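Residue-level listing of the chains:
2 protein chains.
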Amino acid sequence: MQVAILTFDGFNELDSFIASAILNRMRGRGWEVQITCPGASVTSMNGVTVLAQQQLEFANQADIVLFGSGIYTRDIAADDTILERLQLDPQRQVIGAQCSGTLLLAKLDLLQGLPACTDLTTKPWVIEAGVDVLDQPLVASGNVASAGGCLASSYLAAWMIAKTAGIDAAIAAIDYVAPTGEKQQQVDATLRVINPYL
Amino acid sequence: MQVAILTFDGFNELDSFIASAILNRMRGRGWEVQITCPGASVTSMNGVTVLAQQQLEFANQADIVLFGSGIYTRDIAADDTILERLQLDPQRQVIGAQCSGTLLLAKLDLLQGLPACTDLTTKPWVIEAGVDVLDQPLVASGNVASAGGCLASSYLAAWMIAKTAGIDAAIAAIDYVAPTGEKQQQVDATLRVINPYL
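For the protein sequence lines, the chains are A and B, in the order given.
The working numbering puts the first sequence at residues 59 to 256.
The working numbering puts the second sequence at residues 59 to 256.
Be aware that one or more of the hints could be misleading.
[Said to hold, decoys possible] Pulled a few chain A residues facing chain B out of the computed Cβ check, cut under 7 Å:
#1 E71
#2 F75
#3 A79
#4 N82
#5 L109
#6 F116
#7 Q194
#8 L209
#9 A223
#10 V235
#11 A236
#12 P237
#13 G239
No lab work stands behind these hints, which were simulated from the structure alone.
Every value quoted in this text rests on a predicted model; they were computed, and no experiment measured them.
Think of the CB as a built atom: it goes at the ideal place given N, C-alpha and C, for glycine as much as any other residue.
One chain only, chain A, in its complex shape (with noise of 0.2 Å):
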C-alpha cells in the first residue's frame, strides 16, 4: 500500500506526523508511508524543516492519500500551479483531509456534496466554499473522510487503515501508540468515532 500525506509550507506538525506515524505501523505489512510535498523540502507553522520524501505527482498512484493541515492552506486552495499537480480519484484511491486539508478536498471537488470536518479556525472557509461543517471528529463517506481538531488525526488514520487492512490491524495501531494505561479506552474511542464509517 503506498500513502501519501501531503504537507506543504506552514504545515501544522499534528496534522501529518500523528497519521503518517499511526499508519506507518504497517510498515510490517508492506506499506510506505511518505511526505509527499511541491518541493524538496517543506517548513511548518513553527519553524520545523523537513525533507520530502515524494513529490506531488506520487499522491495520483498512491492507494491512500491524505491532505495535512497548515497555516497556508488558503493560498495553496488558491494557487493552480499546485492544485494541477493533483489527479485523484476517489473511485481507486481511499482519500482523506485534516483540519484545514479539508478546504482543499472541497477546492479539488472530492467531496461532491457531502458534509465536512474540519477545525474551527478554517471552519468559515469551507463553509464558504459550499459545504457543511459537522461538529464531531470525524466523518466519512465511501472512500473519502475528513476530520477536525489537530489530535483527531489518530481517528483518520486508524479509518484509513480499518478500511483497506481492517479493523482488527487498526486497533493494534492505535493500542501500540495509546498512552499506557489508557489502551483500552482509546481502543473504544476511536472505534465509537470511525465504526459509523465502515
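Given chain A, work out where chain B should sit, using these hints.
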C-alpha cells in the same frame, strides 16, 4: 521560555512532534520551542529527515527540556559522546521524557530513585536501569516527569505548560488541539492525568 525537544536519529515522530506542537501554542507568549539534535539533521524511525533547530548544548540553558523517544535510544544511552554534552539541572529546569526517553533520564541520574513511566518496549530496559515502572500515562515529582505511550505526549506537554505558565494556559492549549466535538472530554482527561502532579 526556551524549550529544547531532544530528538535523535531513529526518533518517533509522535513523541517529538505532538509535544513540540502543543508547547508551540505558547509562542504568542514568547516561548521558543526547538528541535534539538546531536548534529545538523536527524532521520526518524520511518525515514523522515528533519533539520535541527538547535544543537544538544542548547538544552543546558533551556528552561524546559523534553527527551523524545526512538528506536536507537539504547545505543544513545550507552554513548558518552552524546550524554557528556548534556548538563541538565532539575533545580532550575523542567525536564520530561517520553517513552524510551525515560531511559536517558535514568542514565543521566535525573530520576533520583523516583518511579517512572515509559512504553511497553522500553519497560524492561528501564527496570534493568534500576527504576520502578508505573502502569499509567504520566508521573512527575518536582520538576521531572515521564510519560508512556506515544499519545501520552499531549499530557506531558500539558503538564509542562501547567507547571510553568499555569493550568489555564494548559487547558487552552489542549482545547485548541483536541478533536472537534470532543474538546471538553479531552481537557477533562488531561486534567485527570496531570492534576495530581501540579
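Evaluation of the provided hints:
Annotation: interface hint on E71 (chain A) holds; nearest CB of chain B at approximately 4 Å, less than 7 Å. For F75 (chain A), the shortest C-beta to C-beta distance to chain B is roughly 4 Å, which falls under 7 Å, so the interface hint holds. Annotation: A79 (chain A) was flagged as interfacial toward chain B, and the flag holds, the nearest CB pair being 4 Å apart, inside 7 Å. Interface hint at N82 (chain A): satisfied, since its Cβ lies 4 Å from the closest Cβ of chain B, which is below the 7 Å cut-off.
Restraint check, L109 (chain A) versus chain B: the minimum CB separation of about 4 Å is within 7 Å; hint holds. Annotation: F116 (chain A) was flagged as interfacial toward chain B, and the flag is violated, the nearest CB pair being 14 Å apart, outside 7 Å. Hint on Q194 (chain A) holds. Least Cβ distance to chain B is approximately 4 Å, under the 7 Å limit. With a cut of 7 Å, the hint placing L209 (chain A) at the interface with chain B holds, because the nearest CB-to-CB distance is about 5 Å.
Interface restraint check: A223 (chain A) against chain B, minimum CB-CB distance 17 Å, threshold 7 Å, status violated. The restraint placing V235 (chain A) at the interface with chain B holds, with a minimum CB-CB distance near 4 Å, inside the 7 Å limit. Below 7 Å, beta-carbon pairs count as interface contacts, and A236 (chain A) has one with chain B at about 5 Å; its hint therefore holds. Checking P237 (chain A) against chain B by beta carbon gives a least distance of about 4 Å; that is within 7 Å, so the hint holds.
A hinted interface residue such as G239 (chain A) counts as satisfied when its beta carbon comes closer than 7 Å to some beta carbon of chain B; here the least separation is about 4 Å, so the hint holds.
Checked against the numbered hints given earlier, this structure breaks hints 6 and 9; the rest are met.
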